[in-house]
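Protein chains in written order, with my numbering: chain A, 586 to 1005; chain B, 586 to 1005.
Among the hints, a few may not be true.
No copy labels: a pair is met if it fits in one copy or bridges any two.
[Unchecked claim] DMTMM-like cross-link-like pairs, simulated, lysine to aspartate or glutamate; straight-line CA separation at most 25 Å: (1) Lys673 / Asp588; (2) Lys710 / Asp922; (3) Lys608 / Asp588; (4) Lys952 / Glu834; (5) Lys715 / Asp969; (6) Lys608 / Glu834; (7) Lys925 / Asp741; (8) Lys998 / Asp956; (9) Lys654 / Asp731; (10) Lys710 / Asp755; (11) Lys673 / Asp625; (12) Lys654 / Asp877; (13) Lys952 / Asp995; (14) Lys654 / Asp755; (15) Lys673 / Glu920; (16) Lys925 / Glu724; (17) Lys720 / Glu750; (18) Lys998 / Glu724.
Simulated from the structure, these hints should not be mistaken for lab results.
Protein chains: 2
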Amino acid sequence: MIDWQRVSGGVTAPRGYRAAGIKAGLKPSGLPDLALILSDVEAIAAGVFTTSHVKAACVDYCRQRLQAKHSARAILCNAGQANAATGKQGMMDAFESAMELAKVLDIPSESVLLASTGVIGQRIKMDALKAGIPKLVAELSETGSDAAANAIITTDLVTKSIALETTIGDRPVRIGGIAKGSGMIHPNMATMLAFVTCDAAVSPTLWQQMLARAADKSFNSITVDGDTSTNDCLIALANGQSRTPAITEMGIEAEKLGGMLTAVCQHLAKAVARDGEGATCLIEVQVTGTADEASARQIAKTIASSSLVKSAIFGRDPNWGRIAAAAGRASIPFEQDNLKIQLGNFLLMEHGQPLPFDRNAASAYLKHAADNTSTPGNISQRIDNPVVIAVNVGNGHGSGKAWGCDLSYDYVKINAEYTT
Amino acid sequence: MIDWQRVSGGVTAPRGYRAAGIKAGLKPSGLPDLALILSDVEAIAAGVFTTSHVKAACVDYCRQRLQAKHSARAILCNAGQANAATGKQGMMDAFESAMELAKVLDIPSESVLLASTGVIGQRIKMDALKAGIPKLVAELSETGSDAAANAIITTDLVTKSIALETTIGDRPVRIGGIAKGSGMIHPNMATMLAFVTCDAAVSPTLWQQMLARAADKSFNSITVDGDTSTNDCLIALANGQSRTPAITEMGIEAEKLGGMLTAVCQHLAKAVARDGEGATCLIEVQVTGTADEASARQIAKTIASSSLVKSAIFGRDPNWGRIAAAAGRASIPFEQDNLKIQLGNFLLMEHGQPLPFDRNAASAYLKHAADNTSTPGNISQRIDNPVVIAVNVGNGHGSGKAWGCDLSYDYVKINAEYTT
């Protein structure tokens, strides 16, 4: 049951947060490249990070911090240099960045979390970063979310931002989020980053559980090209400034907060998938009939990441055979006689066998969905009418979704022609 | 130690085999579409099949046959209709095909194995198939391998064929093979098929073990687009007609035969990878320093299947960052400080950190390797000088290879624009 509503303000929509984004001279382009999110008080902090064994200094740094204490006040993010594959010096740069910010903010450096995005193998331009920090802090404002969202993007075509509000104990509670990423893209301009703020009071363990679950149903269910980055991170703060009763165990309130957190993450994740390089539309794959949720998501992700399915959608080709084949190779056993495939309202396959359907009308549906989601400025319009592939594999109660985008000439062009 | 040599003749190079390929009217194009390989005597038979849960009738058929008895005399293969997602009727068609061939050959239908490739969801054109069988049998010859190789291809640009010879007990032993496939390709023209013949005498258990191992090091180590087909199959016959001593347990002879089987499969697998849709070159990824072979292969396959790496190679971009990132996300733990990456002779990264290198020269290496392998007619030339990516991740003794191809505009074009 959805009982929340959209509000404006992104990560500064919840109470007790300020944000800023400035041009610090880190990006060669001269565009904004340094962002800060600050909670007025120490906030419960949870994080989900890349599972890659080749990872950035900021990922190791945040993991260490969050292992030592489950709270933080600030998230500092630089764009331009990924600070990945930079060895011990990269780690020292990370610590120095945190200490520098802590000094200017007059908070413990243990309360600073870090994220980086940009070119792998390049250290952060520390002089520029350090010179930028006082200016960044001076820019902090309760309407600074858009500036921050704009300073964390690299190859993104649009910024990604959302905020939702619900009530807990008759008082408003908000969750806001910003994100960047369009696949692991451009030569080395890796990274999916997402920062979430919340003004509810919630226990650290529960908040981390909610975030892990939200990540599984959002960022871990999107795919642009199957490439996971060295720097991927999702950090969520909950500062209790809504003055609502503390949520310390599972129950109605926890479900409501967790559901809203998932909705925020899903919005951001879909926005990232839609912004996939060269993409012309968002694809939503809905899988039902598995034994559990994870199995359904795995089938959905396999379909959403199939180059053949993605190429077919780009070609506006209602190619059920590729969808069936992708479902079959997802390593989740099912009886192929149970397979049912729908594309929008078109039933393409049932009981494991193809059905006659109006191929031109189905192709027109694909074309229409792409046209519908092609407005660059309006992210909601871009993600609210995806191409829907619905697959049922049996009678189980498991269901899950995944999101992706189509594979176009531009993907190859962008990724083949960038450097050298 | 390689102690075998190339011989001509493909699947009819070993003693006691005949083959044929004809136009039976199954393909809309009118090209050859029905192939037969026949052993003069009942041969030990082993098979490796798609792991997809959506699979063709011929796959279920062969699995049942090989479970019941580990031998066969004939492999019948049709191209044009995949007979996948065709339900019970598809299975009945499979049995009927086998019985029809058995009748004409006057052998038990239990000695017939089947393979299909073509459009998913389409049943085999049974009338054409049945009418073609007597003609096919009449065409059987000891020089029929090329005709068979030509009748099993669909979207392939070239046929794939090889034969090797070694000596066991001072007598010549040969293994021959033919294959088709260029990824799971064209709308529904799925399928990697490979048929191997051998004239050694070997126990069924050992032969199946050798084939499984050869498949892991060849067909299971190639990737074109990550899509596994509904019809993939590798069938190997060993008929003992070399009159060499039976190999019934592991030892020098078994290693020699197994090694040669792997070499045959690797040649065919590389030829399939090189023939990937839109590909301009073959990529070989060599991984060392893991705990075991399987881990090395998994890292190698992840790199070879990365869309970003593949796009970079197509763009002749020596992009070590993408290689490092792909290695890191292969789910095989390693210390990133141990990571070493070479592209041809260019050392791009060592101790987990990027090194300065001559970017133009490295790009020229990629261009040269592609030019070198661009002769469509000469399959050996196409696969003997691949782009080599060598990655070391530690001090373990595990090593493994994978093969793939680059990702070009033509891949998207072929797969986006085919149907509707």
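Check each numbered hint against the structure and report the violated ones by number, ascending.
1, 3, 4, 5, 6, 7, 9, 10, 11, 12, 14, 16, 17, 18
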